[in-house]
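Visitor: Each chain, written out:
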Amino acid sequence: MELLRETPLIGRHREQKALLAPFGGWNMPIQYEGGILAEHRWCREKAALFDICHMGEFLYRGDIVEGGLEDVFTFSVASIQEGRSRYGFLLNEHGGVIDDLIVFRLAKDEVMIVVNAATADNDFGVIRSRLKESANFSDISAATGKLDPQGPLSRDVMTDLLGRNIPSIPYFRFITTDILGSKAIVSRTGYTGELGYEIFLPVEKTVELWDKLLKDPRMKPAGLGARDLLRLEVGYSLYGNDLDETITPLEAGLEGFVNFDSEFIGKDALLRQRSTGLKRSKVSFRVGSRRSPRHYYEIWSGDRKVGITTSGGFAPMLGCGIGLGMVSPDAAAMGTELTIRHENVSMPATVCELPFYRGGSVRK
Amino acid sequence: MSNMYYTKEHEWVKIDGNIATVGISDYAAHQLGDITFVELPKPGKAVKQFEVLCAIESVKAASDIYAPVSGTVLSVNETLNTRPEIVNESPEESAWMATMKMTDPSEVAKLMNREQYDEYRKGL
Chain R
1 MELLRETPLI GRHREQKALL APFGGWNMPI QYEGGILAEH RWCREKAALF
51 DICHMGEFLY RGDIVEGGLE DVFTFSVASI QEGRSRYGFL LNEHGGVIDD
101 LIVFRLAKDE VMIVVNAATA DNDFGVIRSR LKESANFSDI SAATGKLDPQ
151 GPLSRDVMTD LLGRNIPSIP YFRFITTDIL GSKAIVSRTG YTGELGYEIF
201 LPVEKTVELW DKLLKDPRMK PAGLGARDLL RLEVGYSLYG NDLDETITPL
251 EAGLEGFVNF DSEFIGKDAL LRQRSTGLKR SKVSFRVGSR RSPRHYYEIW
301 SGDRKVGITT SGGFAPMLGC GIGLGMVSPD AAAMGTELTI RHENVSMPAT
351 VCELPFYRGG SVRK
Chain Z
365 MSNMYYTKEH EWVKIDGNIA TVGISDYAAH QLGDITFVEL PKPGKAVKQF
415 EVLCAIESVK AASDIYAPVS GTVLSVNETL NTRPEIVNES PEESAWMATM
465 KMTDPSEVAK LMNREQYDEY RKGL
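Residue numbers (my numbering), protein chains in the order written: chain R, 1 to 364; chain Z, 365 to 488.
Next up, chain R with everything else stripped away, as it sits in the complex:
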């Protein structure tokens, strides 16, 4: 049996009566006492706090081009301005997604890479192998804590606690600031579709910051169950479901995060795929009832099986089931009528645009 890793907040989660479950090799809070729907609503209306210490962080120091980092991801790292971050992919030679990640340009010669928990160890090896031997590259995950305050009131709570430099951070930018006497990064990013932040700080300060943020009655803890609903309602991909090593960014509908002017492993495969045409593509659909599609349900168009769902669930903001999937490209056209099937369950669905939910405060 695999030994599950625990974040520094495991004691707090137990005190707050969290339901804990394995996620990416970690024992993580799925929900607290109030339940997933209440936490989801609190994040859409007020401010929710997520323990995201399980995610991986790597630090690169040195010249970006000379050390080889410029050619590792699907975008140019050198062109990211200091204080800004960019989302994109680490690909294999077939163009499949090894991971989706965010690169933070800390300084001219300093970059932080934030990756998914389950893939972190493998990512580190792959990135290391693509860098010049001289490159200074380290895994700082164990020393780094990460807390995500998310929700329309998160800016007010953060400003009251951390000071007046918080409101000036625009979307996909960050500041380096002092938190509880330590150097920390506060980034205006997240995974909920709401105004929010990702805070990176020394792991030993995590519990103290968690407690301080939750002293504010506008902020409540939320688990990974609510986080999954929140991300699905705005159509964000989840690695391991909607993305994996067999899916390319083009198939996943994420070509916008690939810069074909850059050089990277997998680029040739993507160019071939682009010229020969996609055999399957991402689809987003709404179910005609409160039924929830789930991972790996079959997708049918008329009497033809056209693909599978990769994510699905009940969308509280829409009052119906929603899902993402991979289908034959002809079945992904807007308005196409589909049937989602699993065992004896069958639910009618209609292809729709993303995001499913458009009322979020993410850019406010």
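Don't read these hints as lab results, they were simulated from the structure.
Beta carbons: idealized from backbone N, C-alpha and C, even for Gly.
Each statement offered as a hint is correct.
A short, non-exhaustive set of chain Z residues, derived as facing chain R with CB atoms under 7 Å:
1) D398
2) T400
3) F401
4) E421
5) V423
Fit chain Z to the given chain R structure using the hints.
Guide: Showing chain Z alone in chain R's frame:
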């Protein structure tokens, strides 16, 4: 003497003459988490004891609900179509799912009373 009985699959049934009212236990509702959908059976549906009666979905999972006794569905709680969250709020009262006309009252012997059910749950 209580007329509520429970199944190993965590349904409850309340017996009143030959009428059985069916729902899921407070334990089951808590385990499932936030209920988002209840598929009610059609009135007139005939079902045997421990066969699938209808289905329920929560944020986390989809599950079948089994008939605690054999019989024919008489009526269903249509409020659950629009307010499935009642299953979490009042699983063993307001959130009854269906009433059935029982065909074999002796089947109750295969069910547990509250005390037996509480013992059974502790062993899970």
